[in-house]
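Visitor: Read off the chains here:
2 protein chains.
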Amino acid sequence: MQPVLASIITIGDELLIGQTIDTNSAWMAQELNKVGIAVHRRLAIGDVWKDIWESLNEESRLSKIILITGGLGPTADDITKPLLCQYFGGKLVVNEAALVNVTSIFERLNRPLLERNLKQAEVPDVCTVIQNRRGTAPGMMFEKDGVIFVSMPGVPNEMKGMMTADVLPLLAGRFNLNPIVHRTLVTAGIGESFLAERIKEFEDSLPSNIKLAYLPNYGMVKLRLSATGNDNKTIAELEALFDMLKQQVADVMVIDEDISLQEAVGRLLSSHGKSMGTAESCTGGYIAHLLTGVSGASNYFKGSIVSYSNDIKQHLLDVSAQTLTTVGAVSEDTVIQMVKGALHQLKTDYIVATSGIMGPRGGSSEKPVGTVWIAVGNKNRIRTHHFHFRFDRQRNMDMTAQNALNMLRKFIIEMEQ
Amino acid sequence: MQPVLASIITIGDELLIGQTIDTNSAWMAQELNKVGIAVHRRLAIGDVWKDIWESLNEESRLSKIILITGGLGPTADDITKPLLCQYFGGKLVVNEAALVNVTSIFERLNRPLLERNLKQAEVPDVCTVIQNRRGTAPGMMFEKDGVIFVSMPGVPNEMKGMMTADVLPLLAGRFNLNPIVHRTLVTAGIGESFLAERIKEFEDSLPSNIKLAYLPNYGMVKLRLSATGNDNKTIAELEALFDMLKQQVADVMVIDEDISLQEAVGRLLSSHGKSMGTAESCTGGYIAHLLTGVSGASNYFKGSIVSYSNDIKQHLLDVSAQTLTTVGAVSEDTVIQMVKGALHQLKTDYIVATSGIMGPRGGSSEKPVGTVWIAVGNKNRIRTHHFHFRFDRQRNMDMTAQNALNMLRKFIIEMEQ
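Protein chains in written order, with our numbering: chain U, 8 to 424; chain S, 8 to 424.
Warning: the hint list may mix true and false statements.
When chains are identical, the list treats them as one kind, so a pair holds in a single copy or across two.
[Unchecked claim] Here are the simulated SDA-like pairs of lysine to any residue, each with C-alpha atoms no more than 20 Å apart in a straight line:
| no. | residue 1 | residue 2 |
| --- | --- | --- |
| 1 | Lys126 | Arg205 |
| 2 | Lys41 | Asp318 |
| 3 | Lys71 | Gly236 |
| 4 | Lys347 | His322 |
| 5 | Lys71 | Glu61 |
| 6 | Lys354 | His322 |
| 7 | Lys240 | Pro214 |
| 8 | Lys151 | Lys207 |
| 9 | Lys253 | Thr82 |
| 10 | Lys57 | Arg68 |
| 11 | Lys253 | Gly96 |
| 12 | Lys207 | Arg123 |
| 13 | Lys167 | Ile28 |
| 14 | Lys126 | Lys374 |
| 15 | Lys281 | Glu421 |
| 16 | Lys57 | Tyr94 |
| 17 | Lys229 | Glu270 |
| 18 | Lys281 | Ile242 |
| 19 | Lys207 | Glu122 |
| 20 | Lys240 | Pro89 |
| 21 | Lys126 | His393 |
| 22 | Lys207 | His47 |
| 23 | Lys167 | Gly226 |
| 24 | Lys57 | Leu106 |
| 25 | Lys354 | Thr235 |
| 26 | Lys207 | Ile86 |
| 27 | Lys347 | Asp318 |
These aren't lab readings, by the way, just hints derived from the structure by calculation.
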């Protein structure tokens, strides 16, 4: 059985001039995939009547489910609701539950209710209303010629609340769905082409219902197997193929799950009851940020010293003045001393330390932009590595953080054997 | 003169299952806007022959310029190049310059050159080749019935290199372009509806070539005026209207530019020759990360102590054990002591400190998830604020960081008067 096809339409000028990065669509696609709905088109258009109208015509020709976000705000540039009302031939009426919701939100905020806010409780009389538990604009579901249209606000947490509580269950009840199941592993230290060469026979032998994808990212390559169907036979087939794949890439595999390196590090530390901290110069707190983005990080992550200046390297991490004046802050000696200083100050089992030049300025002929030293260590041993990245500031930071986490991951595995 | 319309087509299954967030399109849209090309549609589709083919038909009906990214890799799931070759009726031939490029990259990496890598130097004989200075896959430009099609790799820095060096100049030479100019200001502390109510007359009186947009984001609302044309008359008109807008929202305006709060804080500190640091508990290094994402941050940002555990709050920031056991880590007393401790340890002019419960776990009836204390201070004064956010972990962190930066910004302005 083929998955039911969906289109996501995102409405808003801010998406078209590049002022906003669309993170909603990725989340929606993941959630839809889990229940067996395949997003095959994602379209972003502006707050333009004709463009929205045509996109509804066009996407409903190609998909059974059309999810629309954005354009439901209270201001004049938001035209989605009147347009949908006209498109589906309805008229706007006050929805009592939505009105109670809007009123109570303004009472809670202790703000006067404006006419334009009251209008947010109006909905076309031809839709099923989806209440918004996290904001003022209600969602709307329409059906036309067997195609389901759902309109939701563009505010991420409002959209997510509606999707989880109402939209996904409604869609699951309306269609006969067949989930899409993925198995993903992460490799590092091997290029996409070499990986492809190595697993060519495996790839060529895949059955038609299972698909392989290569996802290169920050010097790593993810391999993803996707199967349509969660019946026992399909799952067993997928698992067997995934095991084969794992064996073929065993030496370059980082993790056999689609989790981040910070999650992998967190699990390792938790399973061994160990703690960690960071001493960051060039990454400026980014590694700490990635680690504390994981819920429950306080069980193993204790803290960091971000020593962006040399003063702080000296005074808080006890890096010697001599090292800083002779070999400099971006050096093996410095990151080794940073690990030692941080082990002492933060009193954790493991420390990862970084020092480098992220760019665009600050490089020299001897130490060009992208020069990075990373050290990982515990009280018994310290391991260092020198990198030279050749990207822009943001990507150099990403590469440094990802490599630091991977070095730490390998070091912990070795030390806790 | 109306802007020339463009579509962006992003190809790749990873975008449709939500594994990758598309940041390319936003960057491309910004750059296109600057030269007078308006992106009116952005479409993401999978590595599916029929879907790509149809999208080329469809978008070329609606736009004069079609920019395509992705699907140019060396692996079997990458089908964009053969498809384009067939679509434009060409045949694949080796491009000598691209071959030299591929060969030299592999020599530099000291890796053997595989057959599939050599194939990357093949291009349809009906395209203009755009060399890739940052990777192996060349870009391709086609023309059909007056519509320009450009295909580029999906790797962000490769795409950016091609756009800047070749694609934008080529498009500017090919079309008679009229740049779109934006003026943006940021407000805080006022809802979108109230803002709209306040500037209703202003909005209604705008000429047809100037458009106003509301962009709500993390408790702030950006207001953007956009004009088509960069002739003196249009610019003068836009500036005059922008000045009027600024006057109408003066009391709630944060910045009259489209820059981030971390950039605004950085400029303030630089202009007064002052320094700062952070003492972060719940934000776990995120504020430091935002600040150090700005190039040149080392001029004013000195470092941080991320005190995720109470031990580190006590030992490195000198928060009293009594405070931690009586009122707890998430309290006004704690963030005040964190500011004092960090001023002492980091020796900066300003410190911002955070402590809170980001969720999803760790809340209690007395201090539910979303409870946050923030303090900003210098050696003379400390200011605190209590927040209660009601979002998920990531958004609670974002709200905390944005509010902390805004509190710091206001505090610096007041102190440096």
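Visitor: Decide, hint by hint, whether the structure agrees.
Guide: Now the hints, each set against the structure:
1. For the identical chains of this complex, Lys126 and Arg205 are inter-copy neighbours only, at 17 Å across copies versus 60 Å inside a copy, given an alpha-carbon limit of 20 Å.
2. For the identical chains of this complex, Lys41 and Asp318 are neighbours neither inside a copy (51 Å) nor across copies (42 Å), given an alpha-carbon limit of 20 Å.
3. For a Cα distance limit of 20 Å, the shortest separation of Lys71 from Gly236 inside one copy, 19 Å, qualifies, whereas the shortest one across copies, 41 Å, does not.
4. Within a single copy, Lys347 and His322 get their C-alpha atoms as close as 13 Å, and across copies as close as 17 Å, so both meet the 20 Å cut-off.
5. In this assembly of identical chains, Lys71 and Glu61 lie within 20 Å of each other by CA distance both inside one copy and across copies; the values are 16 Å within and 18 Å between.
6. For the homomeric pair Lys354 and His322, the shortest alpha-carbon distances inside one copy (17 Å) and between copies (10 Å) are both at most 20 Å.
7. Taking CA atoms no more than 20 Å apart as the test, Lys240 paired with Pro214 passes inside one copy only; the shortest distance there is 13 Å, against 64 Å between copies.
8. Taking CA atoms no more than 20 Å apart as the test, Lys151 paired with Lys207 passes in neither setting, with 45 Å inside one copy and 36 Å between copies.
9. With identical chains, the CA atoms of Lys253 and Thr82 are at most 20 Å apart between copies only, with a shortest distance of 18 Å across copies and 53 Å within one.
10. Taking identical chains as interchangeable, the C-alpha atoms of Lys57 and Arg68 lie at most 20 Å apart whether they share a chain (17 Å) or sit on different chains (15 Å).
11. Taking the shortest Cα distances, Lys253 and Gly96 never come within 20 Å of each other, neither inside one copy (54 Å) nor across copies (41 Å).
12. Taking CA atoms no more than 20 Å apart as the test, Lys207 paired with Arg123 passes between copies only; the shortest distance there is 11 Å, against 60 Å inside one copy.
13. Taking the closest pair of Cα atoms, Lys167 and Ile28 come within 20 Å of each other both inside a single copy (17 Å) and across two copies (16 Å).
14. Within a single copy, Lys126 and Lys374 get their C-alpha atoms no closer than 61 Å, and across copies no closer than 35 Å, so neither meets the 20 Å cut-off.
15. Only within a single protomer do Lys281 and Glu421 lie at most 20 Å apart by alpha-carbon distance; the minimum there is 14 Å, versus 45 Å between protomers.
16. When the C-alpha separation of Lys57 and Tyr94 is checked against a cutoff of 20 Å, the pair qualifies only within one copy, where the shortest distance is 11 Å, while the shortest distance between copies is 29 Å.
17. In this assembly of identical chains, Lys229 and Glu270 lie within 20 Å of each other by CA distance solely inside one copy; the values are 16 Å within and 34 Å between copies.
18. Proximity of Lys281 to Ile242 under the C-alpha cut-off of 20 Å is found in neither arrangement, the shortest distances being 35 Å within a copy and 60 Å between copies.
19. In this assembly of identical chains, the alpha carbons of Lys207 and Glu122 lie at most 20 Å apart only when taken from different copies (13 Å versus 63 Å within one copy).
20. In this assembly of identical chains, Lys240 and Pro89 lie within 20 Å of each other by CA distance neither inside one copy nor across copies; the values are 48 Å within and 35 Å between.
21. Taking identical chains as interchangeable, the C-alpha atoms of Lys126 and His393 are never at most 20 Å apart, the minima being 60 Å within one chain and 32 Å between chains.
22. Taking CA atoms no more than 20 Å apart as the test, Lys207 paired with His47 passes in neither setting, with 26 Å inside one copy and 40 Å between copies.
23. Taking the closest pair of Cα atoms, Lys167 and Gly226 come within 20 Å of each other only across two copies (18 Å); inside a single copy the shortest separation is 31 Å, beyond that limit.
24. Neither within a single protomer nor between protomers do Lys57 and Leu106 lie at most 20 Å apart by alpha-carbon distance, with minima of 30 Å and 45 Å respectively.
25. Taking the closest pair of Cα atoms, Lys354 and Thr235 never come within 20 Å of each other, the shortest separation being 49 Å inside a single copy and 59 Å across copies.
26. In this homomeric assembly, Lys207 and Ile86 come within 20 Å of each other (Cα to Cα) only across copies, at 16 Å, whereas the closest approach inside a single copy is 50 Å.
27. Within a single copy, Lys347 and Asp318 get their C-alpha atoms as close as 17 Å, and across copies as close as 18 Å, so both meet the 20 Å cut-off.
Hint check: violations occur at hints 2, 8, 11, 14, 18, 20, 21, 22, 24, 25; the rest are consistent with the structure.
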